[in-house]
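Enquirer: Letter by letter, the chains look like this.
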Amino acid sequence: MSDEDTATWIVVIILVMIFLLPIGWIFLAYPAEPHYVVTGEPVREAAGATGITVISASNSTWPLVGAEGGMIYILGDDAGNTLAVQTQRFDSAESRDAAILTISAQTIGKGKTAGTLIVIGDQVIHFGPDPGGIISRVATELREKRVPR
Amino acid sequence: MSEDAVLPAKTGIAPQKVLGIFALALINVAAVLSIRNFPSMAEFGWSCIGWYIIGTILFLIPLSLAGAELATMLSDRGGGVYAWCKEAFGEKGGFVAIFCEWSNNLVWFPTVLAFIASTLAFALSPELASNPVYLFVVMMIAFWGTTAIAYFGENLSAKFQNYGVILGSIIPSVLIIGLGVYWILSGAPIVLPPFSPGEIVPAFNLSTLPFFATVILLFAGMEMAGFHALETRNPGTDYPKAMAISAIIIFACTVMATLAIAFVIPTDELSLAAGVMQAIQYFFEALNIPGAVAPMAVLITIGGVVSLAAWLIGPAKGLGVVAEEGNLPPVFNRTNKYGSPVAVLVIQALIGTLISLLYVFLPSVNQAYWILSAMTVELLCIVYLIVFASLIRLRYTRPDAPRPFRIPGGIPGIWLIGGMGAAGVIFSFIVGLMPTGDFTSSQAIGYVTGVLFGTFLLAVPPLIFLKLKKPSWVGGRTIQEGPK
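So the protein lines, in turn, are chains A and B.
At position 9 of the first sequence (counting the first as 1) the number is 9 in our numbering, and the numbers step up by one without a gap.
At position 209 of the second sequence (counting the first as 1) the number is 209 in our numbering, and the numbers step up by one without a gap.
Hints are not guaranteed to be accurate.
[As the list claims (entries may be wrong)] Which bits of chain A does chain B cover? Going by a derived footprint, with three or more residues having C-beta under 8 Å, they are:
#1 20 to 31
#2 47 to 54
#3 94 to 102
#4 116 to 124
[What the hints assert, rightly or not] Here are the computed distance ranges between Cβ atoms for each label pair:
#5 B/V133 to A/T140: 37 to 43 Å
#6 A/A29 to B/A188: 48 to 54 Å
#7 B/K17 to A/G80: 38 to 44 Å
#8 B/I141 to A/D78: 48 to 54 Å
#9 A/I18 to B/Q16: 54 to 60 Å
Just so you know, the hints here were simulated from the structure itself, not pulled from any lab data.
Backbone N, C-alpha and C define an ideal beta-carbon position, used for all residues, glycine too.
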């Protein structure tokens, strides 16, 4: 291998590292949420604790492998804003992670997804577009329901 | 077997003038129009119209006009965004712009590839979507297959994109619009609340601000035709027309198809937890044609592949021109007999494969995906900020240069259009740093730092390459010659 070929490969390796460094760091810095059974209805409880009203609630099962059922809530605040929230339990960390991957791939254009996800144990909680800042109120309560790592 | 030959720079294969107005327009449509946006935007109900108007005024119109002026002014240069920004800000500006356009793709490729694989799984067997091996295999077939098409040059890749976008984006859009019209005419109930002008005004608050960046960049890719300047038959006249046609197709299909879905599917059912295909399934079942779901999944998969192709080929061609000018080490400066920047394509495919491996086989962490999306947004904002700044600057530094298409209104006009675009992307850059509800306040600091650090790392290599640049990088160009 000539000096030029060696230099070439060094350049390629450095370039690969430049890309893998931040992306690898991100995956390491944010470890996956452990899979454990969450009891009760975290969204209803978080809404109740923050003065958000549950306008309606219905059962729902996502057409995904390992989905064990969950709820669709319509939450409302005093100003009349509403927010659709879906929750779903998964039977394993693998099936839950596959659902997260599916949802995360649904970006709008080259931007972000329209909704917001929060993962607690075996539950994936999907918030739709939030016109009234309901997510920020409920999310704080929801995150406190996570089992400390 | 091909044989390597070192030829002097600029003596490579002359580009074939194969692209006309519609071919150019469809390249832009391939990059921008995507069925997967419709159900997500339909969640906003009537206010999706308001969001689309914001994206159109602050981005689609400015970028289309900027692209038309810059592409016609510099129609004899290859490299698209690189040529435009280099003309205004020198090699450094042009190189940073094209590298950010290229590097944001590498972060974004796994997302679109995962979408392609999971959508195809819906047509084959939905269980496959949770199988990482299936996902990775399909992702790699799509990725390397598209790279192979790019390898065979402009003629084949343009045809692939043109036919593909009609099949995978335009036909499904028209189908959804047609069925939406049928829904209304058949007297079926529209699930949206009664229309009033106030309904189209989007809600602005801390929760919706991060979405602003997404909406602005919803129409990202309108500059894609600019990468094909040297292959265009009559750039001076064809570009402005192609820009106008593509902008109209994209806007009309996007708005009408989104509304068609919003008319039929209730908001809580639209919550896209199980993916776009869930919404499409509901749509067709509501219209009593469930048999159309699987074919639609195949068409949407094709649309995803075509979108991937547009983004994979354009910026790679731009980076190929950078290499040709000696701003990258010689390893990047290899062009095959079809005129494709084969070294850039292969390096791109290798890096994309490694990132996809991480994406599929590491545990799925919601925060990590959000950060990667944010980095894509931030890098794109840098690209477009330099493009809009170039548009304005060139009116001062090269006021008399021939511009077959000129944004009307003189200097005030250019500031209005360029200023609106620049303001939109600066605002998007700032709100793109806002974390989602899944981050605690202490994690939010790490989030912002991580996004900025990652963006910096992926934007800075051009400055390093220019610092290390050697005269020998300019001297030769390797062309893989095939049979004569």
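Enquirer: Would you mind marking each hint as holding or not holding in the structure?
Expert: Verification of the supplied hints:
Figure legend: the segment 20 to 31 of chain A, annotated as covered by chain B; annotation consistent (11 residues with Cβ-Cβ distances under 8 Å, at least 3 required). Chain B is given as covering the segment 47 to 54 of chain A, and this is violated because 0 residues of the stretch bring a CB closer than 8 Å to a CB of that chain, at least three being needed. Residues of the segment 94 to 102 of chain A with a Cβ under 8 Å from some Cβ of chain B number 9, which satisfies the need for three, so the listed coverage holds. Only residues whose C-beta sits within less than 8 Å of a C-beta in chain B count toward coverage, and the segment 116 to 124 of chain A has 5 of them, enough to reach three; the restraint holds.
With their beta carbons about 38 Å apart, B/V133 and A/T140 fall inside the hinted range of 37 to 43 Å. One distance hint, 48 to 54 Å for the beta-carbon pair A/A29 and B/A188, holds here, with the actual separation near 49 Å. Look at B/K17 against A/G80: about 59 Å separates their beta carbons, and that is not inside 38 to 44 Å. About 52 Å separates the C-beta atoms of B/I141 and A/D78, a value consistent with the hinted range of 48 to 54 Å.
With their beta carbons about 34 Å apart, A/I18 and B/Q16 fall outside the hinted range of 54 to 60 Å.
Taken one by one, the earlier hints fail for this structure at numbers 2, 7 and 9, listed in ascending order.
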